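*Asks:* Here are the chains, one letter per residue:
2 protein chains.
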Amino acid sequence: MYEVEVKVRADHDPVRSNLEAAGATAHGTVEQVDVYFDAPHRDFAARDEALRLREQTESDGPRTVLTYKGPRLEEATKTRTEHETMVGSRDEMQAALTALGFSTAARVEKTRERYAFEDCTITLDHVAGVGEFVEVEATVTEDAIERAQDRVTETLEELGLADSERLQTSYLELLASDSGQ
Amino acid sequence: MYEVEVKVRADHDPVRSNLEAAGATAHGTVEQVDVYFDAPHRDFAARDEALRLREQTESDGPRTVLTYKGPRLEEATKTRTEHETMVGSRDEMQAALTALGFSTAARVEKTRERYAFEDCTITLDHVAGVGEFVEVEATVTEDAIERAQDRVTETLEELGLADSERLQTSYLELLASDSGQ
Chain B
1 MYEVEVKVRA
11 DHDPVRSNLE
21 AAGATAHGTV
31 EQVDVYFDAP
41 HRDFAARDEA
51 LRLREQTESD
61 GPRTVLTYKG
71 PRLEEATKTR
81 TEHETMVGSR
91 DEMQAALTAL
101 GFSTAARVEK
111 TRERYAFEDC
121 TITLDHVAGV
131 GEFVEVEATV
141 TEDAIERAQD
151 RVTETLEELG
161 LADSERLQTS
171 YLELLASDSG
181 Q
Chain S
1001 MYEVEVKVRA
1011 DHDPVRSNLE
1021 AAGATAHGTV
1031 EQVDVYFDAP
1041 HRDFAARDEA
1051 LRLREQTESD
1061 GPRTVLTYKG
1071 PRLEEATKTR
1081 TEHETMVGSR
1091 DEMQAALTAL
1101 GFSTAARVEK
1111 TRERYAFEDC
1121 TITLDHVAGV
1131 GEFVEVEATV
1141 TEDAIERAQD
1151 RVTETLEELG
1161 LADSERLQTS
1171 YLELLASDSG
1181 Q
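Here the protein sequences line up with chains B and S, keeping their order.
In terms of the numbering used here, the first sequence has 106 at position 106, counting the first letter as 1, and numbering is strictly consecutive.
Counting from 1 along the second sequence, just add 1000 to a position and that's the residue number in the numbering used here.
Possibly wrong hints are sitting among the right ones.
Quick list of the computed label-pair ranges, beta carbon to beta carbon [to be verified]:
#	chain 1	residue 1	chain 2	residue 2	range
1	B	D119	S	E1058	30 to 38 Å
2	B	T111	S	A1021	58 to 66 Å
3	S	E1031	B	H12	48 to 56 Å
Simulated from the structure, these hints should not be mistaken for lab results.
Predicted, not measured: the structure shown is a model, and the values here were computed from it.
Glycine included, every Cβ here is placed at the ideal spot set by N, Cα and C.
Model the full structure from these sequences, guided by the hints.
*Replies:* Right, here's the structure in full:
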């Protein structure tokens, strides 16, 4: 699958009002703790790849998801290849990755408020140590990438965020630059 | 956790009788399809490591498990570090590993009949293209390795397999040698 995504820095209150006025469906708030890995055989940052182990705490308890993100294929909407699966044990997965030579690069903690609007997912992220962000995202098959890129851009306009600067940097990169790394 | 394991080549019929006479509990038969990976940055065979994605079909449907096996710490009982977790999607996990540079090294298919006897697991494996084997195994924490090594050996004696030659080779290695690789 491909992830088509735009991220902007924006205060949540006006966006939340616009989402409610537009009839978006609220899907609750989750806590996410993301651990990003460095690879033993590749420079993930230079190659624009990422490997992430996410623990997400929902109302029915925590669940863990492993995600590989491939290099960006398109800049404006950060389209990437993504391979993602639920895993049963975060500790065992992290131990296996460590034994294979992967090492913990960074930890990103955030509160994520989720909405669904037409075929897009909108998230209002409060990232610990970095601030408030809004992401508009669609996950699609290869033949639907262009249509999804248009939809993501239209949705951003509908939320009053057309003029917001699109961030190409990940939370990981933002955290690194904020802490002067 | 540590896996303490002995494997012997043995016909299943007499072992099954001994298991039943000893009061072992039958836990049914499963089909296992194992995919082993080569690493992009290490020679797993030379380092005596393995990375395996197993799809196991039980009565309630298939489930997938990812396992990293570390080098043998002790020869007679093939004690190893093992990190194992259930994964939600075999295809996504395999795609992520492939994107990270891991490649499929081999595929092993077997029918596994499972028994529990005291604190050991006994499996009667019919490996496609290789033959019939019996494994006696215990999964334990570090402080219980020695006790488990004794128990595995005693259980092997109780099953009438004390004189059978202990195989140090994996099914993967047996398959490779049988096919003249």
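*Asks:* Compare the structure with each hint and give your call.
*Replies:* Now for the hints, and whether the structure bears them out:
no., hint, in the structure
1, B:D119 <-> S:E1058: 30 to 38 Å, "36 Å, holds"
2, B:T111 <-> S:A1021: 58 to 66 Å, "60 Å, holds"
3, S:E1031 <-> B:H12: 48 to 56 Å, "50 Å, holds"
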